[in-house]
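Participant: Sequence:
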Amino acid sequence: MLVKNTNKAKKIKLISMEKFHRYESWLKANNHVSWTSYLSFMRQIEKELIIDIEKIKSHSVLKQLLIQLESKPSFKARGKSDQSNILSGFRNYIKFIEETKY
Numbered sequence: 007m008l009v010k011n012t013n014k015a016k017k018i019k020l021i022s023m024e025k026f027h028r029y030e031s032w033l034k035a036n037n038h039v040s041w042t043s044y045l046s047f048m049r050q051i052e053k054e055l056i057i058d059i060e061k062i063k064s065h066s067v068l069k070q071l072l073i074q075l076e077s078k079p080s081f082k083a084r085g086k087s088d089q090s091n092i093l094s095g096f097r098n099y100i101k102f103i104e105e106t107k108y
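Following our numbering, the numbering of the sequence shown begins with 7 at its first residue and continues without gaps.
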């Protein structure tokens, strides 16, 4: 089990180097110990909304996408805990955009 988690962390790290590297740095600078989970949530959000979220720099557009995500049937079909975690990750990403003016 430990090996599986280590491999998952390595895989996420490789993906994070390609995408969301500024967000990853911000998460680490703000002492988010679960930064790998936040990066995973962002990939799930991109798949759900079929977008490249890094290209969106407007926090108001991101907030609209958050509302759109919540209303998607495929998202509603997820478990409540999963929904909550993903939405928390999305809100955190919006906070990053607002704070960094990225």
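Honestly, the hints are just simulated from the structure, not real lab data. Any given hint could be a false lead.
To be verified - Lysine-lysine pairs mimicking DSSO-like chemistry, simulated, CA-CA at most 30 Å apart:
| # | residue 1 | residue 2 |
| --- | --- | --- |
| 1 | Lys107 | Lys34 |
| 2 | Lys107 | Lys69 |
| 3 | Lys107 | Lys25 |
| 4 | Lys86 | Lys53 |
| 5 | Lys61 | Lys86 |
| 6 | Lys69 | Lys101 |
| 7 | Lys86 | Lys69 |
| 8 | Lys63 | Lys25 |
| 9 | Lys78 | Lys101 |
| 10 | Lys107 | Lys78 |
| 11 | Lys82 | Lys25 |
| 12 | Lys82 | Lys53 |
| 13 | Lys63 | Lys34 |
| 14 | Lys53 | Lys34 |
| 15 | Lys69 | Lys82 |
| 16 | Lys78 | Lys25 |
| 17 | Lys101 | Lys34 |
| 18 | Lys86 | Lys34 |
| 19 | Lys53 | Lys63 |
| 20 | Lys78 | Lys53 |
| 21 | Lys34 | Lys61 |
| 22 | Lys63 | Lys78 |
| 23 | Lys63 | Lys82 |
| 24 | Lys25 | Lys86 |
| 25 | Lys69 | Lys25 |
| 26 | Lys53 | Lys69 |
| 27 | Lys25 | Lys101 |
| 28 | Lys25 | Lys61 |
| 29 | Lys101 | Lys53 |
| 30 | Lys53 | Lys25 |
| 31 | Lys107 | Lys53 |
Participant: Now tell me if each hint is right for this structure.
Facilitator: Cross-check of the supplied hints:
{"no.": "1", "hint": "Lys107 x Lys34", "result": "holds (18 Å)"}
{"no.": "2", "hint": "Lys107 x Lys69", "result": "holds (15 Å)"}
{"no.": "3", "hint": "Lys107 x Lys25", "result": "holds (18 Å)"}
{"no.": "4", "hint": "Lys86 x Lys53", "result": "holds (19 Å)"}
{"no.": "5", "hint": "Lys61 x Lys86", "result": "holds (28 Å)"}
{"no.": "6", "hint": "Lys69 x Lys101", "result": "holds (10 Å)"}
{"no.": "7", "hint": "Lys86 x Lys69", "result": "holds (20 Å)"}
{"no.": "8", "hint": "Lys63 x Lys25", "result": "holds (15 Å)"}
{"no.": "9", "hint": "Lys78 x Lys101", "result": "holds (22 Å)"}
{"no.": "10", "hint": "Lys107 x Lys78", "result": "holds (28 Å)"}
{"no.": "11", "hint": "Lys82 x Lys25", "result": "holds (26 Å)"}
{"no.": "12", "hint": "Lys82 x Lys53", "result": "holds (15 Å)"}
{"no.": "13", "hint": "Lys63 x Lys34", "result": "holds (20 Å)"}
{"no.": "14", "hint": "Lys53 x Lys34", "result": "holds (24 Å)"}
{"no.": "15", "hint": "Lys69 x Lys82", "result": "holds (18 Å)"}
{"no.": "16", "hint": "Lys78 x Lys25", "result": "holds (24 Å)"}
{"no.": "17", "hint": "Lys101 x Lys34", "result": "holds (14 Å)"}
{"no.": "18", "hint": "Lys86 x Lys34", "result": "holds (27 Å)"}
{"no.": "19", "hint": "Lys53 x Lys63", "result": "holds (18 Å)"}
{"no.": "20", "hint": "Lys78 x Lys53", "result": "holds (12 Å)"}
{"no.": "21", "hint": "Lys34 x Lys61", "result": "holds (21 Å)"}
{"no.": "22", "hint": "Lys63 x Lys78", "result": "holds (22 Å)"}
{"no.": "23", "hint": "Lys63 x Lys82", "result": "holds (26 Å)"}
{"no.": "24", "hint": "Lys25 x Lys86", "result": "holds (27 Å)"}
{"no.": "25", "hint": "Lys69 x Lys25", "result": "holds (20 Å)"}
{"no.": "26", "hint": "Lys53 x Lys69", "result": "holds (17 Å)"}
{"no.": "27", "hint": "Lys25 x Lys101", "result": "holds (18 Å)"}
{"no.": "28", "hint": "Lys25 x Lys61", "result": "holds (11 Å)"}
{"no.": "29", "hint": "Lys101 x Lys53", "result": "holds (21 Å)"}
{"no.": "30", "hint": "Lys53 x Lys25", "result": "holds (14 Å)"}
{"no.": "31", "hint": "Lys107 x Lys53", "result": "holds (24 Å)"}
Of the hints listed earlier, there is not a single one the structure fails to meet.
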